[in-house]
Amino acid sequence: MSSEIADTLEAEGIAEPFPIQSLALPIALKGSDIIGQARTGTGKTFAFGIPLLQWVQSAPGEPKRPRALVVVPARELAIQVAADLETAGKRTGSRLLTVYGGRSYEPQIEGLHSGADIVVGTPGRLLDLEKQNHLDLSGVSAIVLDEADKMLDLGFLPDIERILTKLPERRQGMLFSATMPSEIVSLSRNYLNRPTHVRAGEDDGNEQIATDHVEHHAFRTHPMDRQEMLARLLQAEGRGLSMVFCQTKRTCDRVAAEMKRRGFAAAAVHGDLGQGQRERALRAFRNGKIDVLIATDVAARGLDVDDVTHVINYECPEDEKTYTHRTGRTGRAGRSGTAVTFVDWEEIARWKLINTALDLPLSEPPETYSTSAHFFEALGIPAGTKGKLAKEQRARAGLEAEEVEDIGETGGQRSEGGTRTGREEHSGRGQGRSRNRRRSSRKKTAGSESAPSGSSGTERQSTSGDSEAAPSRRRRRRRTRNGVDVRNKRQD
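Numbering (the UniProt record's numbering), first residue to last: 1 to 492.
Be aware that a few hints might be false.
Unchecked claim - Derived DSS-like pairs (lysine-lysine); straight-line CA-CA distance at most 27 Å:
#, residue 1, residue 2
1, K166, K150
2, K260, K289
3, K166, K64
4, K289, K386
5, K131, K166
Just so you know, the hints here were simulated from the structure itself, not pulled from any lab data.
Remember, it's a predicted structure, so these values are computed and weren't measured experimentally.
Turn these sequences into a full structure, and let the hints guide you.
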């Protein structure tokens, strides 16, 4: 490892490598292909990021052709990976660029034309930029596929294969994945050159649950009491950043609004929000301006925050894989965490399947109310806690303190309440006014073409109020019978 990178990491307080880093770095630094298997939040970014930064630093290429490519499944993960690479590469002079959907093309195209050594992006946007001849992949000497199993889940495998076919044959390939399904194994065989497979920690083929660091709880709840239970749970001793998972976007909005009303610094993140609003909420969460993030599974995919102490399943997950992905947000980097699941009466059968698949000791969740003593005791909730945060405890700045970044989003953005802002904000009344203006202008043109344009409004008002003005002629419908005017016939 170069001294610049080592000194930077030491200054950031990173002295000891994580297991996946100890296993992967010696191989990756030699330029060999590698398959790294470790769950999310175990330090994979530095395991592939340090070799990329060192390679770019030691062998600079053409100014406007990227030297390395990192492909990730989600926008949030692209932002997080780029931030980690920027941290490690502060003293290397490496130029990084992040590209993903939901943002305007222009800033990303300008960044590519200005020159970037390492490009981090999602498959769809990378292919779009390459197809438009803005992204030149002919100089890529190393490629990383991060969270490959999640890209498989999202249907990105064909896009990944198209990207790989556009790269030079002589290149280094690094693939990182929490699990190794058959499709990922086939991908590695076809596109990696005799890769070395390293695995951090024990793994039975499924994504490992950090039972050593995460305390799991499940409670049989009633829908009408869940918000009260959640509000009291969020006042547990030692609670820090917390993620609440819901099944639907509407539930996210409803729960977030209710928690804010009760005094908590909360925000919702789901697919109906514009990218700018989503990034605003995620930044506020990382910066500690809010400490409760209420999200759907897709919206939270790729979110990498190490300081999450509590993960709360407001509704029972669909299956054990979803449960593992959710609870994997806490207990990272050796820290302890708490996972709590609310199970409705109708969800008991599904929960038992999850419990059996993951070998958890929670097959019979106890019937629980917001006033149940065992609920307070199990989660460390102070006795007498009510469902509303006391005013003296409201120390977070809130989502409003986080500025909305102008990302050139097309189609407008949704505000937290779900309404559109930006260009679509005036799609109702605004368009109506413009149509009225067009009608009035046509009338004016037909009636008084010689009238000065600057006085049209005043003249219309004075004309309508002039008592001596000629009355408008009433139009009558002409009635005919067999081509003969009936009215004239009657007069005859």
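Cross-check of the supplied hints:
1. Distance check on the hinted pair: K166 and K150 sit about 22 Å apart at the alpha-carbon level, within 27 Å; holds.
2. Pair hint K260 plus K289 holds up; C-alpha atoms about 13 Å apart against a cutoff of 27 Å.
3. Simply put, K166 and K64 have alpha-carbon atoms about 17 Å apart, close enough for the 27 Å limit, and the pair holds.
4. Annotation: proposed proximity of K289 to K386 holds, straight-line Cα distance about 23 Å (limit 27 Å).
5. Restraint check for K131 and K166: satisfied, since their Cα atoms lie roughly 11 Å apart, inside the 27 Å limit.
In this structure, every one of the numbered hints holds.
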